[in-house]
Amino acid sequence: MNKASTNPITHHFNQQIDVHAALKQRNSKTNVWFCDSPKSGKRCIIKGDIAFYALKLAEGEPTIVDYEVDPLCAVDIYGLNYAQQKTTALVNYSDGRQALWTFYWSTNPHAQVVNAHKTGHILPQWAGKGLVFKTFTEKDFKGREIELDNWLLLTAAINRAQTYITYQEEQICQNQVAYFGSVALENLLNYPEVDPALMLASVGKLLQKGILTADLKNDLFGLTTEIKVAP
Amino acid sequence: MSRGPRRKLIPPSYQETMAIWPRPDEASLSNEDPYFNRKKAVTMYAMGASHNDIQAETGVRDKECRRLAGRCVQYCPTTGQIYGFTALIHGKRIKSYERSRPITTNDNGQLGGCSGAMTMLFERYPEVQIFVDELFLKKRSKDEGNANEKPMKGKRKVHEARIPIQNLHGLFIGMLRELGFTDEDWPFNTANRGYNALRNYCKALRENDPDSAMQARSGIQAKQRSGVGNGKGRESLIQALRPYSVVQLDFHKVDAACTIVIENAYGVDLELPVARWHIGMLIDEQPKSILGLYISLEKTPSADCVLETIESALRPESIELADPRWKFAQDGKVLIYQFVPQLEWQCFSVIKMDNAWSNVAHDVVNNILSTVGCAVNFGPVRAWWRRPLIERMFGCLESIGLKRLPSTYGSGVTDTRRDDPQGQAVEHKIRLSDVVAQIFGAAKSLNSKPGEGVFWASPVQAIEAMLARPRSGLFATPLPKAAQQDLMLMKHIEEVVVRGDIDKNRTPYIKSDRCEYRNERLSRSYSLIGKKLLIYIDRRDIRIVSAVIKDTGENLGMLHPEMKWRKTRCTWRMRKWLNRSGFANKYKDESVDPINQCMGETAEKLIQKNTKGTDKKAVKGMHSATQSLALAKMVVNATKPLPAETHQDPLPETAPVAAPNPVTRKRLADPFNLGSQPSRINPNREID
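Line by line, the protein sequences give chains A and B. Following our numbering, the numbering of the first sequence begins with 1 at its first residue and continues without gaps. Following our numbering, the numbering of the second sequence begins with 1 at its first residue and continues without gaps.
Honestly, I wouldn't trust all of these hints.
Unchecked claim - DMTMM-like, lysine to aspartate or glutamate: derived pairs with alpha carbons at most 25 Å apart: (1) K39(A) with D363(B); (2) K29(A) with E170(A); (3) K481(B) with E170(A); (4) K511(B) with E145(A).
Since the hints were derived computationally from the structure, they do not count as laboratory data.
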């Protein structure tokens with residue numbers, strides 16, 4: 001049996017968030033999402049479907065190292081009222097870049113087009129930091145429904161195994177893929193004496209890191225998905 | 001065909017795009033429809049044909065032809081384009097009616113001859129229109145300030161909930177009188193005094209501006225439906241593409257009275273009517289199947305009910321066919337995993353819930369995130385339409401069984417099916433177990449029978465087919481095996497501090513909800529006193545507790561509660577209620593405190609003893625100074641009988657404390673004379 005990487009009780013306690021406080025702050029018309037982020041290692045509160053969509057896809061983007069939901073700099077840049085009502089995310093890339101993401105519905109006639117360059121809200125201390133500002137609307141996700149569904153499944157699998165050591169499963173996975181060049185998920189999950197749940201989590205982690213690759217954009221991730229070594 | 005001058009009525013840009021002018025469905029018009037003739041005439045006109053040729057070809061004269069061409073290039077506010085050939089349809093109105101003639105009625109004030117009168121009145125007196133609009137739509141007046149801000153102080157108008165047209169008409173007439181309208185003016189010269197016109201105007205107002213009118217005239221729920229089924233095509237961004245992708249959880253109040261049978265210590269069945277209870281259901285959006293089911297007898301569902309519903313979908317249950325739930329499911333198959341054992345412990349990616357208190361509980365959200373790993377979604381407040389599927393499923397359950405019971409409450413007090421539900425429940429002995437059996441039977445039916453929602457397959461068939469087809473994306477995604485053995489879904493985590501005292505040899509223990517917990521290892525670990533532990537309490541049974549040292553994560557094993565809690569099973573919530581209600585009852589106690597009484601009597605005696613030959617008022621003024629010393633002594637001697645020289649009845653030997661003397665009872669109500677005003681004390685006077 002796999003040993004826990006951390007004590008489950010301690011881990012669960014440290015992750016707990018105040019649900020009531022989060023729901024109290026929100027606009028009554030807003031969707032609120034609570035989820036664990038494997039990339040940032042934190043429990044997140046995300047306001048709005050578009051923000052949730054973007055950040056779930058970010059989980060599967062290997063060039064993104066981690067992200068912070070509702071960073072403090074958003075208060076500086078957009079003001080407290082905006083920062084409380086809307087979700088923003090400070091995203092860190094593997095090449096050192098940083099981006100501040102904001103989200104809105106293009107069909108909402110009252111939506112503020114939050115772009116610090118256009119509105120001139122950049123404060124002097126942020127201007128020289130090389131912070132890139134990016135806004136997302138629902139139009140940015142046209143045709144990415146399959147990719148989202150795949151990452152919803154994979155991140156849930158990774159979260160379920162977060163208190164367990166999956167070193168053995170990751171090693172098996174990498175060795176199998178390296179040896180055969182391409183392995184169907186079914187073969188990995190059916191590997192002898194391996195917990196399928198932990199194996200699935202391992203596959204998810206390796207895909208997330210960009211060590212392995214699979215077609216997650218065009219096909220639903222399933223038993224016949226071919227896992228390969230990333231180029 | 002001779003050609004005439006270029007036509008100015010139709011701008012050149014429209015002439016060039018005549019092929020794409022808006023037009024009606026010409027296939028649905030008969031060949032004899034005048035539309036085709038008119039269209040030909042306008043087309044010839046645009047091409048520059050002479051009026052003689054147009055009339056010869058179509059019979060449309062020059063004046064009529066110009067009129068028709070002018071109509072075609074009119075702007076349509078609804079579509080944002082020109083009317084095009086649609087303006088040529090017989091009877092088509094492209095301009096609202098504008099009255100120009102003065103209004104006259106016959107001597108009898110009959111209707112007729114007043115078309116457009118209301119519009120004309122509003123044009124001449126726009127303040128009347130504003131007045132009517134404000135009242136009908138509960139709008140703010142200009143005095144109240146910007147609609148997006150709070151009304152200015154002292155300017156807020158209070159509208160009635162929903163002003164009837166009749167009352168609005170009264171106010172409308174009153175305003176016209178103030179403006180100087182006489183009986184010769186419209187509407188006073190008509191029989192109904194413009195009531196019909198006002199009513200029609202208000203109806204048009206609702207239709208032309210539904211967003212403004214909806215909340216004012218139909219309520220907030222109706223307004224919220226504006227976003228539903230409006231053809232705008234705003235789909236949900238997050239959609240289920242495979243089973244177990246997106247699930248919904250909700251509770252449904254069951255409208256059927258029944259009885260619970262409780263067996264007493266002698267084995268006698270006691271029947272207790274239960275008015276209303278709840279079903280908790282976890283359903284999959286695709287296909288529409290029931291994954292989890294839980295029966296809650298609580299007045300309102302709690303966090304435990306939510307967690308139990310989710311656990312019912314995860315943990316395989318051992319079926320006892322004698323259990324009344326399986327009366328209509330003798331094969332033990334109701335939920336999806338029972339039909340498809342491959343999907344035992346199957347987890348999902350997203351769960352959607354409403355904002356009910358039970359759903360937003362701390363343990364619910366955090367435990368789901370920690371155990372299942374999915375994302376938890378709370379939709380907008382009062383947005384029931386975001387979870388239409390689960391509402392529909394409950395409706396199906398109700399129609400299959402519950403509303404047909406004789407003890408049904410129906411849909412409300414006016415439902416004719418309702419007929420003394422509680423009496424029926426008792427008379428027909430409709431037991432809860434029977435109703436639950438029906439619910440489980442109905443759930444089995446929903447899962448196993450073909451339905452239109454799954455394209456005439458059953459949800460079970462659909463899932464089995466998808467499992468057999470690997471490219472469908474459905475495969476087993478269970479909980480890790482270790483997690484299956486120690487499911488944390490129903491656990492409550494708490495931080496506590498280890499108590500104890502090594503000097504007094506009070507062995508280390510922890511306390512949670514006024515209950516002490518110990519185990520052998522903790523009892524020997526004096527070094528842990530003052531340290532923090534994390535304890536994990538089973539919400540179903542507070543006797544099951546495990547502990548971990550917070551700083552190091554070291555496991556201390558299972559803890560045992562103190563003896564009084566050890567024998568009876570009690571839930572975590574039940575213990576909180578017991579403690580809370582116990583304290584509440586304690587504070588309500590108004591009985592006389594015997595110790596307090598005794599101290600009062602003794603203080604009185606001291607006062608009497610000390611005030612012999614001295615100023616009583618002065619002594620009373622110093623009462624508070626001597627009181628504390630007297631009380632300290634009296635506490636020690638409280639159980640001793642009073643001495644005989646106090647002129648009170650000697651105490652019976654069995655009485656542990658002094659009984660209240662009826663003569664002094666009134667005085668004992670304020671034994672330390674705290675109710676009276678302190679008297680003045682001469683500071684120079686000597687006091688014994």
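A quick look at each hint next to the structure:
| no. | hint | result |
| --- | --- | --- |
| 1 | K39(A) with D363(B) | holds (24 Å) |
| 2 | K29(A) with E170(A) | violated (42 Å) |
| 3 | K481(B) with E170(A) | holds (17 Å) |
| 4 | K511(B) with E145(A) | violated (50 Å) |
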